[in-house]
Amino acid sequence: QKEVEQNSGPLSVPEGAIASLNCTYSDRGSQSFFWYRQYSGKSPELIMFIYSNGDKEDGRFTAQLNKASQYVSLLIRDSQPSDSATYLCAVRTGNQFYFGTGTSLTVIP
Amino acid sequence: NAGVTQTPKFQVLKTGQSMTLQCAQDMNHNSMYWYRQDPGMGLRLIYYSASEGTTDKGEVPNGYNVSRLNKREFSLRLESAAPSQTSVYFCASRGGQVGPQHFGDGTRLSIL
Numbered sequence: 001q002k003e004v005e006q007n008s009g010p011l012s013v014p015e016g017a018i019a020s021l022n023c024t025y026s027d028r029g030s031q032s033f034f035w036y037r038q039y040s041g042k043s044p045e046l047i048m049f050i051y052s053n054g055d056k057e058d059g060r061f062t063a064q065l066n067k068a069s070q071y072v073s074l075l076i077r078d079s080q081p082s083d084s085a086t087y088l089c090a091v092r093t094g095n096q097f098y099f100g101t102g103t104s105l106t107v108i109p
Numbered sequence: 001n002a003g004v005t006q007t008p009k010f011q012v013l014k015t016g017q018s019m020t021l022q023c024a025q026d027m028n029h030n031s032m033y034w035y036r037q038d039p040g041m042g043l044r045l046i047y048y049s050a051s052e053g054t055t056d057k058g059e060v061p062n063g064y065n066v067s068r069l070n071k072r073e074f075s076l077r078l079e080s081a082a083p084s085q086t087s088v089y090f091c092a093s094r095g096g097q098v099g100p101q102h103f104g105d106g107t108r109l110s111i112l
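Line by line, the protein sequences give chains A and B.
The numbering used here puts the last residue of the first sequence at 109; the count rises by one with no breaks.
The numbering used here puts the last residue of the second sequence at 112; the count rises by one with no breaks.
Just so you know, the hints here were simulated from the structure itself, not pulled from any lab data.
Backbone N, C-alpha and C fix where the C-beta goes; we use that ideal spot for every residue, glycine too.
Heads up, some of the hints might be wrong.
To be verified - Just a few of them, taken from the derived set where beta-carbon distance is under 8 Å, the chain B residues facing chain A:
hint, residue
1, M41
2, G42
3, L43
4, G58
Throw the hints in and build the complete structure from the sequences for me.
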């Protein structure tokens, strides 16, 4: 059973702060790692993905991958109320994707 | 710029009825997927198709069948619906070897 674990939250941060979301995975053969944002009642939308160890930045978002620790994280800088959503971590192994249950983030104005 | 289109968006069925959920993508993607999403369970893979003409079981295939009709279309069929299949169903597609999945808007299915 391939597992992807996330803290369910809720995580609350004040507007303008950094939000840190974490994810661990069990399969060392996993190849790519994805962060999706899902608003209530909507479909998941891709934020960014990473497949090499280290950091990858895209605007206010930074994904960090540590394959030795089987750990991937997402940092959101200058958090905005519009960032309030559930964040899903997904891991690709071959043709299959495995999702965590998501972390609920609330950004307080 | 449609992306992944799912129909219908909402459906209510009675136990034992059958129905087919439709999914079409216009991004020329090879791989397509069906997921269900339940509260507290995250997204769980039902079936996927790595390329036209192939289908494979995911984590929760029981009670479902799929058809990869052509490169664009991937349908999910419930032959005899059960209340346990009440869920939100998402179709997704993916192009290339390392690319992400792109999701449709979902089908909200209730089985009474």
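Going down the list of hints, with the structure as the test:
Given the 8 Å rule on beta carbons, the hint for M41 of chain B holds: about 7 Å separates it from the nearest Cβ of chain A. Given the 8 Å rule on beta carbons, the hint for G42 of chain B holds: about 4 Å separates it from the nearest Cβ of chain A. Checking L43 of chain B against chain A by beta carbon gives a least distance of about 4 Å; that is within 8 Å, so the hint holds. Hint status for G58 of chain B relative to chain A: holds, with the closest Cβ pair at about 7 Å, below 8 Å.
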